[in-house]
Structures are given as C-alpha cells and as structure tokens.
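**Student:** Those sequence lines, one after another, are chains A and B.
Going by our numbering, the letters in the first sequence line up with residues 11 to 123, in that order.
Going by our numbering, the letters in the second sequence line up with residues 291 to 400, in that order.
Think of the hints as simulated: they come from the structure by calculation, not from any bench.
All figures in this text were calculated on a predicted structure; none of them were measured in a lab.
Keep in mind that a hint or two might mislead.
[What the hints assert, rightly or not] No more than 35 Å apart at the CA atoms, straight line, and that leaves these computed lysine-lysine pairs for DSBU-like:
#1 B:K299 x B:K360
#2 B:K347 x A:K79
#3 B:K360 x A:K13
#4 A:K62 x A:K13
#5 B:K361 x A:K13
#6 A:K62 x B:K347
#7 B:K347 x A:K13
#8 B:K373 x A:K13
#9 B:K360 x B:K373
#10 B:K304 x B:K360
#11 A:K13 x B:K299
[As the list claims (entries may be wrong)] Over 10 Å on every C-beta distance to chain B, these chain A residues come out as not near it, computed from the model:
#12 T15
#13 P17
#14 G25
#15 R26
#16 N63
#17 N64
#18 M69
Glycine is no exception: its CB is placed at the ideal position from the N, C-alpha and C atoms.
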Amino acid sequence: DAKTTQPPSMDCAEGRAANLPCNHSTISGNEYVYWYRQIHSQGPQYIIHGLKNNETNEMASLIITEDRKSSTLILPHATLRDTAVYYCIVRVSNAGNNRKLIWGLGTSLAVNP
Amino acid sequence: DGGITQSPKYLFRKEGQNVTLSCEQNLNHDAMYWYRQDPGQGLRLIYYSQIVNDFQKGDIAEGYSVSREKKESFPLTVTSAQKNPTAFYLCASTIGNTIYFGEGSWLTVV
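Please construct the entire structure, taking both the sequences and the accompanying hints into account.
**Tutor:** Spelled out as structure tokens, the structure:
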C-alpha cells in the first residue's frame, strides 16, 4: 500500500470548515483513500473512503484530485468534539491486505472555541 | 449494539509477569488484529487472524502471543519476553474493506 503525507497539526475555529490535506503521490489505480480519526485514548473511528469520485456522508466530505495524488477531508462545521488525530490511508480494496496498512502519524486537529 | 469490546481499559503489570488483554467482537467478522500504539507514533501490527484457529505474526510479534479458538474472541498475551510493554493496545476486526477498532487498553509496567 502506498504511503501518505499529512501535516502534523492544524487548527480550526469552531463552526468553520476544517480542510485536512493528504498527499498520496504513489497511489495505484486500485487503491482507495480512507480516512480515520482517533480521539485521545480511544480507538480509531472510520470516517469515509473513496476511489475516484468525491464522497460525502453524515460526518464529512472527501475530495480527491483528478490525478488522485492528493485528497482533502472536509469537516463542514467543525465542533470541539472533532478535535482528534486524523489518519489518511491508501489501500487496495481487499480484506487480505489489512495487515499491510501503513498508519502514519496523522494530522492533529485542534478545534478552538 | 454490535461492536468490539476490549478489557481491561487500564492494566498495570509487574516486570516478569504475563498479562492477557481481552478482545471480543459480535460483528461476525472473520479477521481480527492487534495493534500497538506508542505516544507520538502510528499503529504497529502485532498479530492478525484471518480465520478461526489460524493467526499470523505482524511486524512486532516478539514477546506477544495470541489465540483464536472462537470467531468472536482474539486475546493477546503480553509475555515477560516483551522488553518494553508499556503502550496503548488496540484490537480491530474487519469483514471487508473497513477496519473497526475497540476502545483500546492501556498497559503500564510498574
């Protein structure tokens, strides 16, 4: 699975949109982009994933560039409870490859009142 | 509610003792995983199991052991051979593309 690059930390004002970037320049055509977040002392929580098209769910939106070398996770109206570490992961859509996932350090998002 | 339950949440161990961390899931997932997370570091894979009665070493298996006698359960034993066991341990499971995690267990060696 390809490696990703994320900024170590970001700040966002409460109520504003939080845009978290991720670079995955070596992504392969069959690799998906996944986002998870981890609140302190808890297990990571699945947020969203996508292959080529932009995706939206009740938690966030995922924007993937046309060349698929980067993506942005958007939290449209950040709240204090969104303060967490956000992980961007790319992986092949195959359950057998879960063992090969590379979890980096993610982006520590601080939502400020 | 379906999910992954880890216990205990906090555990203290004396040096030289073995301890076992419990992981139970009622999601009917085939594959289960144990990760270790140290402060300021990403998750590292200890062991994984794709099916009952089968498991494989991950990237940092030394000093750990597991069993998978039931689909729902994947306990992790931290043995005295693990030289630096103080960490946050996460159990996960998956039946497809998405990984689901438990709430984690903090292990501290005193």
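**Student:** Of all the hints given earlier, name the ones this structure violates by number, lowest first.
**Tutor:** Nothing - there is no hint that the structure violates, so all of them hold.
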